[in-house]
Amino acid sequence: MTTLLQVDSLCKSFGGLQAIKNVSLEVEDGEIRGLIGPNGSGKSTLFNLISGVYKCDSGSVRFDGADVTNWEPHDIAAKGVARTFQLLRMFTEMTVLENLMIGQHCHVQYGPFAAVFGIGRVAAEEKRLRDEMMELLSFIGLADFAEVPASEMSIGQRRLLALGRGIAMKPKLLMLDEPAAGLSPVNVDNLMSIMVQLKKRYGLTVIVVEHILKVVMDTCERVTVLDHGEKIAEGSPAHVRDDHAVIEAYLGREMDDEEVRAAMAG
Amino acid sequence: MNALVQKSTASLDALKRIHPLMPWFASFVLLLPLPLLALNDYQIYLLNVICIMIILATGLNIVKGFCGQVTVGHVALYAIGAYTSGVLSVKFGVPFWFCLPAAIAVTMLAGALVGIPSFRLEGAYLALATLGFAQSVEIYIRVTNYLGSASGLGGIAPPSIGNFVFYDYFRYYYLVMPFMLIAVYASFAILRSATGRAFMAVREDALSAAATGVNVRRYKLIAFMLSAVYAGLAGSLFAHMVPGYVHPNNFTVIEMVTLLLMVVLGGIGNIWGGIIGAILVTIIADLTRDFYFYQLLMFGLVIVGTVLFMPKGIGGIIDRYFVSKRFVAAREKTAEQKRAEAAAAKSGES
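In order, the protein sequence lines correspond to chains A and B. Residues 1 to 266 in our numbering are what the first sequence spells out, letter by letter. Residues 267 to 616 in our numbering are what the second sequence spells out, letter by letter.
Pairs of lysine-lysine residues, derived as DSS-like cross-links and limited to a Cα-Cα distance of at most 30 Å, are as follows:
(1) A:79 x A:21
(2) B:273 x A:127
(3) A:127 x B:604
By construction, these hints were calculated from the structure, which means they are not laboratory data.
The whole structure should be built from the sequences, with the hints applied where relevant.
Put into structure tokens, the structure is as follows:
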């Protein structure tokens with residue numbers, strides 16, 4: 001196994017708030033990695049730093065053999081990093097199919113001039129793209145909605161679509177920011193099976209941020225836990241679940257019965 | 267109505283099967299006899315103006331409708347195209363066929379200049395910056411003697427091919443109309459390709475577009491330059507049309523509002539919408555020219571009304587009709603497939 005993504009002592013602060021403190025992270029090729037932590041622990045900030053949306057203060061990000069620290073987002077995307085957003089950020093006025101087709105932007109070989117003059121070649125390329133994306137749409141189960149504007153999809157469908165847009169980019173690394181938020185339990189199971197299939201079908205490496213711990217515990221091989229911008233634990237789901245620091249970060253310090261009674265009475 | 271739509275889409279598909287460019291050739295042939303139907307010279311003049319306005323509105327639609335950049339400086343680009351062409355023709359005696367590409371090139375550069383503020387400015391702020399640009403261009407023309415200042419620049423030679431001179435509106439139509447068709451075709455080809463998708467992605471969500479691999483700045487610049495090409499083409503065609511006279515009054519904010527109305531009424535981000543808007547607004551503006559002073563009030567009200575009650579314009583309504591039709595068709599197809607599968611399974615059991 002080779003290291004695909006290597007984050008080295010990354011720091012980022014917004015004014016006085018240090019959102020990420022010295023976080024280092026190594027993700028191996030073909031791994032499904034979970035990233036968890038309480039609200040405000042810096043998970044999304046870490047995603048934004050890796051995908052180039054934010055510029056880091058210090059530290060470095062290496063991806064697939066290149067130093068991509070502070071690259072422009074579109075260059076990082078072209079290098080093979082796809083991501084979804086917590087708030088989805090779909091192209092709502094575009095159709096579902098177009099939303100996927102835009103994911104292929106880096107792989108399209110022609111420019112605006114060819115579109116005007118190279119009628120046959122461009123048409124063939126567009127048709128290939130369209131067919132490929134229709135296939136992907138049936139994989140995520142939205143084939144019926146191909147021509148419908150994304151704004152008319154439900155939240156659950158949009159989450160699937162966001163996932164589809166990530167896959168359409170044919171990335172090496174797919175970063176999912178809370179893919180199960182707002183999904184019904186049935187859809188959560190559905191999403192988990194898609195995530196596992198992703199690895200088999202497309203050979204993807206996945207980093208997933210999720211609050212529904214079931215998703216992380218059942219699909220991820222390794223889990224990294226952040227709290228207040230620092231990495232507090234890393235390891236297999238079972239290991240992390242029993243880690244003292246993690247429990248404390250999520251639930252607070254353990255109290256015995258006497259202490260609880262005292263706190264409630266007081 | 268339904269049958270008519272079905273028939274026309276079917277015949278369009280049949281044309282496309284012969285050659286992808288066939289529908290465009292067909293519309294060229296259909297548009298050829300149009301000036302013969304006109305009652306007088308004035309109506310032919312209107313046809314020419316409509317063609318020029320279609321080019322202009324299509325260009326504005328690219329940058330505003332598809333790329334989502336709120337620009338009010340389009341009319342200044344139109345002026346730059348017209349005056350570049352005019353000056354080259356009047357002062358240097360350059361023939362039309364060299365004025366046109368020069369005008370397009372100069373306007374494209376100006377378009378790039380207008381586009382640069384869009385890297386940092388958005389929405390109303392970008393509108394203000396481009397409005398400032400438009401006003402500066404207009405005022406510069408008004409006070410520059412070399413450009414004819416407030417009395418306009420006259421004596422721009424009509425274009426010619428060999429001995430054939432496009433010296434009246436009837437002849438000029440056969441120059442403007444093909445250019446209009448080519449421009450509209452090019453906008454269709456570009457906007458329905460990956461470039462058009464990138465424009466729309468930038469419009470919808472620039473951050474998300476960047477994360478998907480779209481170089482946002484590059485595509486904003488391309489959109490501005492492309493729309494400037496259209497403005498330059500329209501400007502040059504306007505300058506060389508009889509009587510070969512351009513005046514700063516042709517390029518005021520009022521013209522810009524009219525242009526905006528075309529795009530908004532027709533449908534932002536809808537190529538057909540822009541064209542329908544250009545035709546409608548030019549005709550309406552002409553019919554109501556007796557009430558010139560109320561025209562701007564009327565246009566303003568129509569813009570507000572459209573934005574409030576029909577945000578996607580006329581084109582949006584037409585689009586919606588086709589989308590819902592295709593959706594129903596896709597649904598029926600899947601349902602039928604499922605029924606067929608169920609039937610096959612049943613027959614397999616028995």
